[in-house]
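With these hints in hand, go ahead and build the complete structure from the sequences.
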Amino acid sequence: MITAERKPLEELIEYVRPFKRILLLGCNECVTVCAAGGRKEVGLLASGLHMALLKSGSTIEIREHTLERQCDPEYVEELVPMIDGVDAIMSMACGCGVQELARRFKGKPVFPAVNTKFMGASERQGVWAERCQGCGDCLLGKTGGICPIARCAKQLMNGPCGGSTGGHCEIGDDVDCAWALIWERLKELGQEERFVEIMPAKDWRPGGGSGPRKIIREDLAE
Amino acid sequence: MDTFEPVIVAFCCHYCAYTAADMAGSQRLTYPSNVKIIRVPCSSKVDALHIVKAFEMGADGVYVAGCLEGDCHFKNGNTRAARMVDYVQKYMDEIGIERERLEMVMMSAGMGYRFAQVATEITEKIRKLGPSSIHAAICRQHVDTCAVVVE
Ligand code: SF4
Ligand code: SF4
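In order, the protein sequences belong to chains A and B. Take the first sequence: its position 36, counted from the start at 1, is 36 in our numbering, and no numbers get skipped. Remember, our numbering sits 222 above the position in the second sequence when you count from 1.
In case anyone wonders, no lab produced these hints; they're calculated from the structure. As the structure is a computational prediction, the values presented were derived from the model and not from experiment. Any given hint might turn out to be false.
Stated by the list, open to error - Calculated pairs, SDA-like style, for lysine to any residue (alpha carbon to alpha carbon, straight line, at most 20 angstroms): (1) K108/A to D87/A; (2) K55/A to Q249/B; (3) K275/B to G57/A; (4) K154/A to M199/A; (5) K275/B to G38/A; (6) K275/B to Q339/B; (7) K312/B to V127/A.
This is the structure:
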């Protein structure tokens, strides 16, 4: 999933301060699962903004709404009847959702309420960790299902650097060395020979190196 | 300000603090009527949103009362509630509400005396802090109907 974290309240207050009525918009997908921008977080932020502004003597009307998905035009279209009544939109979705709103509602200022962080998985309740950087040419089949692009600090392709110690990465004891994980997993799979295969230098073009990426499915595209 | 009577919301777990409140009643122990009790099935059932909404509506203090450590009816609801309270206190720092206005307390069902004591102590603490800045701001907007003295 795409993970995110709410921005500091101070920054958000400055965004909304000039407006009388705003639409605070959550998203029911990834940001709900990582507890950053779902229906509940919309309620919490609306309350916090109300109170912080009330303290400084101003008031604001905040309409709360949460879309099934904010990165699909079909769902964003639902907002049409609500838009005229508000001066600005604050979105708690990831950057994709925020941009979809900006594209659809040209005349309305749109602000992000969260910092979009990474594509990750839940390690345990309340903890999310980076797992994939969308390199466009997945290597997991060769690396025992562990990603050296997202999980090795140096994105090494052929085994660990000299800083790998006791399974930890040299950047910190709380970070697993991706290549130590890969080696352990290859051993479990009886695929140690994969470790000695030399991987060529990675072509970063499919990973964004040649500009913004797009997928076109001819059979589906209209 | 001497006449200020704080509004305090106490979220009380059914298996401990709520029963302790009952016990306090049957023992004829008095505690301040400022404390408005909301019964919950477990302290972990209290959500950050409930607490924040209480402050938004003008509560001067809020506390969550759960079972003694290790005694939660649902295993670890009380420790989870304590972590949630810490989290809300950080949010209160951001909003600009003193974090002392929110507290997590623990007691067992048999502690009628402790229930009354906690209710009294927290009421006194909040009385000293005065009205929350949100309560005061609400009162400034409704000067004619609000009971709190606004400076
Ligand atoms: S190899 Fe590329 S696509 Fe595969 S998990 Fe890593 S970053 Fe993602
Ligand atoms: S210690 Fe391991 S994960 Fe860290 S940079 Fe070196 S090879 Fe990569």
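Outcome of the hint check:
no., hint, in the structure
1, K108/A to D87/A, "holds, 7 angstroms"
2, K55/A to Q249/B, "violated, 42 angstroms"
3, K275/B to G57/A, "holds, 19 angstroms"
4, K154/A to M199/A, "holds, 15 angstroms"
5, K275/B to G38/A, "holds, 17 angstroms"
6, K275/B to Q339/B, "violated, 26 angstroms"
7, K312/B to V127/A, "holds, 18 angstroms"
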